[in-house]
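Asker: From first to last, the protein sequence lines stand for chains Y, E and L. In this text, residue positions in the first sequence follow this note's numbering: the first is 3, and each later residue adds one. In this text, residue positions in the second sequence follow this note's numbering: the first is 143, and each later residue adds one. In this text, residue positions in the third sequence follow this note's numbering: the first is 26, and each later residue adds one.
Source of the hints: derived by calculation from the structure; they are not laboratory data. Take these hints with a grain of salt, some might be off.
Computed, partial: chain Y to chain L, Cβ under 10 Å [stated by the list, open to error]:
(1) Met33
(2) Val69
(3) Tyr133
(4) Ala173
(5) Gly218
(6) Ile221
(7) Gly226
To spell it out: a stretch of chain L is covered by chain E in this simulated footprint if at least three of its residues, at any positions, have a beta carbon under 8 Å from a beta carbon of chain E; those stretches are [claimed, not checked]:
(8) 57–69
(9) 87–95
(10) 130–141
(11) 178–185
Cross-link-like lysine to aspartate or glutamate pairs, in silico, DMTMM-like; alpha carbons within 25 Å at most [said to hold, decoys possible]:
(12) Y:Lys38 with L:Asp119
(13) Y:Lys111 with L:Asp116
(14) Y:Lys196 with Y:Asp57
(15) Y:Lys198 with Y:Glu115
(16) L:Lys126 with E:Asp148
(17) E:Lys167 with Y:Glu115
(18) Y:Lys110 with E:Asp168
(19) Y:Lys198 with L:Asp60
(20) Y:Lys198 with L:Glu56
(21) Y:Lys38 with L:Asp196
(22) Y:Lys110 with Y:Asp171
(23) Y:Lys198 with Y:Asp171
(24) Y:Lys165 with L:Asp196
(25) Y:Lys117 with Y:Glu7
(26) Y:Lys44 with Y:Asp57
(27) Y:Lys111 with L:Glu56
(28) Y:Lys111 with E:Asp168
(29) L:Lys126 with Y:Glu115
(30) L:Lys88 with E:Asp168
(31) E:Lys344 with Y:Asp123
(32) Y:Lys110 with L:Asp116
(33) L:Lys88 with E:Asp207
(34) Y:Lys117 with E:Asp207
(35) Y:Lys196 with Y:Asp48
(36) Y:Lys44 with L:Asp196
(37) L:Lys92 with E:Glu176
(38) E:Lys231 with L:Glu233
(39) L:Lys92 with E:Asp207
(40) Y:Lys196 with L:Glu233
Just so you know, even glycine gets a beta-carbon here, dropped at the ideal spot from N, CA and C.
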Amino acid sequence: MNFWEKLEKLDRRIIYIIITLAVVLPFFFRMGLPIKISPETKAIYDYIQNLSPTDVVFISGDYDPQVDAELTPMFEAIVRHCFERNVKIVVSNVYNPQGVGLVEPRLKKLAQEYKKVYGVDYVFLGWKYGYSLLIMGMGRDFKGTWQTDYYNTSLEDLPLTSKINNYNDIALVISLTGSGAYVAWIYYAYVQFKAKIAAGITAVMAADSYPYLQAGQLIGLLGGLRGAAEYEQLIHHPSLGSAGMEAQSWSHIAIILFIILGNLGYFMSRKKK
Amino acid sequence: MHLSTDPWVWIAFFFTLSIFTFLWKDNFLYKLAENVTVGIGMGFWIVLWWNQTVVGQFWTPLSTDFGSNFHLIIPAIMGLFMITRIIPKYAWMSRYALAFTIGSGAGFGLPRVIQGGVLQQLYATLLPINFTSVGLGYNLIIIIGTLSSLIYFFFSKEHKGAIGGVAKLGIWFLMIGFGATFGYTVMARLSLFIGRVLFILKDVFGMHLF
Amino acid sequence: MFWKKQLPIIIVFLSGVIMTVQYFVPLHASEFVFDNYIKWGISIGIFAAILGYFSFIRVHIMKITKKAPNWGYSIVALAGVVLMIVAALIDGTDTNGYYMKFYLYICASINATVFSLLAFYISSAAYRAFRARSSQAVALLLAATIVMLGRVPIGDYFSFWTHWGLPSFYDMAQWILNVPNMAAKRAIALGVGLGSLLMTLKLILGIERTYLGGE
């Protein structure tokens, strides 16, 4: 077996070790690389920045633990921004019941940090059955559709939600998702009720979302951990997204080198044959 | 750097390592963690379902205003008929719930998908072709790219001659699109691993990362 | 026959037509139908979910009683369900309760780690499977490389040519995503949109009947 053939048949465990080092080492040797802000991220930031304290942002954490690493940094950055601007938020998990366990503890922690009052500054609705039915129902009768919050308090009894009747009372809907849930928000909330929609989505979904962005159906887009990092930079609060960007950088370099080396081994060993 | 004193963090760390052992080979720890998460996930869902939907969405409106909500009992019974699917002789009874859900879902979707998924997407493609410093002819590329990619998916006519040429151009656009998706997919997968590394370094070992 | 086959098809047809027409009719009666259809749909779904829970429990109990391979793990899965129900009954479903802690620190941690394994598999696939066998495959890999470099800060660090007014990896990635990628993905979105419309029509008109269960 010559060098090129050996290269082609490299043990998978060596690849695993290299990718682990490419991810872990950048946390110990940091370069302090700046993160550029993309227009799609800036659009969401600007929109929230221009809201008044009476406005309500509806955040739907339509994601599960599998993609927690990408979407929770986005969730935290957006909630921080809203709390800093004193914008009211209503948080739910319309498309994913598993999101309840991820969003509720983080929301409570942030609310305590910013000294926000439950029912006045923010409300947590949790998950209820309905998916697209729930989205459409919210456009007709918000309180009647949700009935109660996560803690089984009637929405009529909470000062914040008692004023919300439909999408006219919601300045922006943000769907954080690792699935096509944001498209459902477009079909069922934007098309019929002209609700303003923004999406925070996993990188896997990001490339597919550009047609909706260009068509103006989404006001902005956060794509993957990079989107979260950009938002953290905008609110001057670097956190998990920004911390992960250098590891992301070096692991991408490793993958590109894997592709080059793999191809080199493949073509050179074929040439020999 | 200081080690976490929270026992929950160490439990999470134990299960995280248990899953990583799968990279070496399938083993007892991995299988144990796999079934623990299946059970806890299902338990989480059952409790949520009871609290949020049965109590929150069904019982609350019925108990507070029975007069105007009593009709909800009919769809509830239709939903319960779904259980008959496990008894082959009576499985047909589940079809009413399915038929209602599928029919109304199709009816809800039809006009909204035409608007949002087809018409608004077409409007956004029919753009003015400009070559200004901002436009740089991008709109022309978008129109050509969308039409040629659509023609590639048009199989009612053989891909020969002019149609074949346009379809070939469509493949190039699609390949670039798939390349972008692939690049982003790599990013996504690595982000998930970075998330676990962040948990270990920050939450378990107390490293200051930002 | 009517109760088993024709009536479900009639329900699908009527529900589909009513909900389609309702969208275009801005009358009070139409809104009444819309509101109540939503309530009915939700009530059906709430109780239909029992089937899922029942199936889960039945599969695991059967595995245990038949002592099927790895039946011991089924005990673990069922114990997990019981544990969560007991935790919620004793401690509630609030942040500080065991119910939420079990979920966040055990279930979410395990799920997140299972998916993080994909980083290793995609690395291995990048090395072994992504071959530039044709010019189109080269285009795919090139676009992927530019997006990979353009979406991380190090891409700009390497883009030394920007001093000569040339676009950086970031600029190139933005252009790829917003122009050729957007065009290709729009064609796919249009195809999916039209495809789902046809499927919807087939369902409403009773041409597609697989939901009846093959009988």
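Asker: So, for every hint listed, does it hold in this structure?
Answerer: How the hints compare with the structure:
A distance limit of 10 Å between C-beta atoms decides the matter here; for Met33 (chain Y) the minimum to chain L is near 8 Å, and the interface restraint holds. Look at Val69 (chain Y): its Cβ gets to within about 7 Å of chain L, closer than 10 Å, so that hint holds up. Satisfaction of the interface hint for Tyr133 (chain Y) is found here, the shortest Cβ-Cβ separation to chain L being roughly 8 Å, below the 10 Å cut-off. For Ala173 (chain Y), the suggested interface contact is broken, since its CB lies about 24 Å from the closest CB of chain L, more than 10 Å.
Interface restraint check for Gly218 (chain Y): the shortest CB-CB distance to chain L comes to about 13 Å, outside 10 Å, so the restraint is violated. Hint status for Ile221 (chain Y) relative to chain L: violated, with the closest Cβ pair at about 16 Å, above 10 Å. Residue-level restraint check for Gly226 (chain Y) holds (minimum Cβ-Cβ distance to chain L is 7 Å; threshold 10 Å). Note: the segment 57–69 of chain L has 8 residues with beta-carbon separation from chain E under 8 Å; the three-residue rule is met and the coverage holds.
For a cut-off of 8 Å, the count of residues in the segment 87–95 of chain L with a CB near a CB of chain E stands at 1, and the three-residue condition is violated. Evaluation of the coverage hint for the segment 130–141 of chain L: fulfilled, as 11 residues show C-beta separations to chain E shorter than 8 Å, against a requirement of three. Evaluation of the coverage hint for the segment 178–185 of chain L: breached, as 0 residues show C-beta separations to chain E shorter than 8 Å, against a requirement of three. In summary, the hint linking Lys38 (chain Y) to Asp119 (chain L) is not supported, as the alpha carbons are separated by about 39 Å, beyond the 25 Å threshold.
A distance of roughly 19 Å separates the Cα atoms of Lys111 (chain Y) and Asp116 (chain L); the hinted pair therefore holds under the 25 Å criterion. Distance hint between Lys196 (chain Y) and Asp57 (chain Y) is fulfilled; the C-alpha atoms sit about 17 Å from each other, no more than 25 Å. Between the alpha carbons of Lys198 (chain Y) and Glu115 (chain Y) the distance comes to roughly 28 Å, so the proposed pair goes past 25 Å and is violated. Pair hint Lys126 (chain L) plus Asp148 (chain E) holds up; C-alpha atoms about 12 Å apart against a cutoff of 25 Å.
The suggested pairing of Lys167 (chain E) with Glu115 (chain Y) is violated, with an alpha-carbon distance near 43 Å, which exceeds 25 Å. For the given pair, Lys110 (chain Y) sits about 38 Å from Asp168 (chain E) by alpha-carbon distance, which is inconsistent with the 25 Å threshold. A C-alpha spacing of about 22 Å is found between Lys198 (chain Y) and Asp60 (chain L), which places the hinted pair at or below 25 Å, so the restraint holds. The suggested pairing of Lys198 (chain Y) with Glu56 (chain L) holds, with an alpha-carbon distance near 22 Å, which does not exceed 25 Å.
Between the alpha carbons of Lys38 (chain Y) and Asp196 (chain L) the distance comes to roughly 10 Å, so the proposed pair stays at or under 25 Å and holds. Straight-line distance between C-alpha atoms of Lys110 (chain Y) and Asp171 (chain Y) comes to about 24 Å, which keeps the hinted pair within the 25 Å bound. Restraint check for Lys198 (chain Y) and Asp171 (chain Y): satisfied, since their Cα atoms lie roughly 11 Å apart, inside the 25 Å limit. Taking the CA atoms of Lys165 (chain Y) and Asp196 (chain L), the gap is about 44 Å. The hint is violated against a cut of 25 Å.
The straight-line distance between the Cα atoms of Lys117 (chain Y) and Glu7 (chain Y) is roughly 62 Å, outside the 25 Å bound, and the hint therefore fails. This hinted pair checks out: Lys44 (chain Y) and Asp57 (chain Y) have alpha carbons roughly 19 Å apart, not beyond 25 Å. For the hint linking Lys111 (chain Y) to Glu56 (chain L), the alpha-carbon distance of about 40 Å lies beyond 25 Å, and the restraint is violated. Proposed proximity of Lys111 (chain Y) and Asp168 (chain E) is contradicted: the alpha carbons are some 37 Å apart, above 25 Å.
Only pairs whose Cα atoms come within 25 Å are accepted, and Lys126 (chain L) paired with Glu115 (chain Y) is accepted, the gap being roughly 20 Å. About 21 Å separates the Cα atoms of Lys88 (chain L) and Asp168 (chain E), which keeps this hinted pair within 25 Å; it holds. With a C-alpha separation of about 30 Å, the suggested pair Lys344 (chain E) and Asp123 (chain Y) falls outside the 25 Å cut-off, and the hint is violated. A C-alpha spacing of about 18 Å is found between Lys110 (chain Y) and Asp116 (chain L), which places the hinted pair at or below 25 Å, so the restraint holds.
The suggested pairing of Lys88 (chain L) with Asp207 (chain E) is violated, with an alpha-carbon distance near 45 Å, which exceeds 25 Å. With a C-alpha separation of about 36 Å, the suggested pair Lys117 (chain Y) and Asp207 (chain E) falls outside the 25 Å cut-off, and the hint is violated. Distance hint between Lys196 (chain Y) and Asp48 (chain Y) is fulfilled; the C-alpha atoms sit about 19 Å from each other, no more than 25 Å. Restraint check for Lys44 (chain Y) and Asp196 (chain L): the C-alpha separation of about 16 Å stays at or below 25 Å, so the hint holds.
Proposed proximity of Lys92 (chain L) and Glu176 (chain E) is supported: the alpha carbons are some 19 Å apart, at most 25 Å. In summary, the hint linking Lys231 (chain E) to Glu233 (chain L) is supported, as the alpha carbons are separated by about 23 Å, within the 25 Å threshold. This hinted pair does not check out: Lys92 (chain L) and Asp207 (chain E) have alpha carbons roughly 50 Å apart, beyond 25 Å. Only pairs whose Cα atoms come within 25 Å are accepted, and Lys196 (chain Y) paired with Glu233 (chain L) is rejected, the gap being roughly 32 Å.
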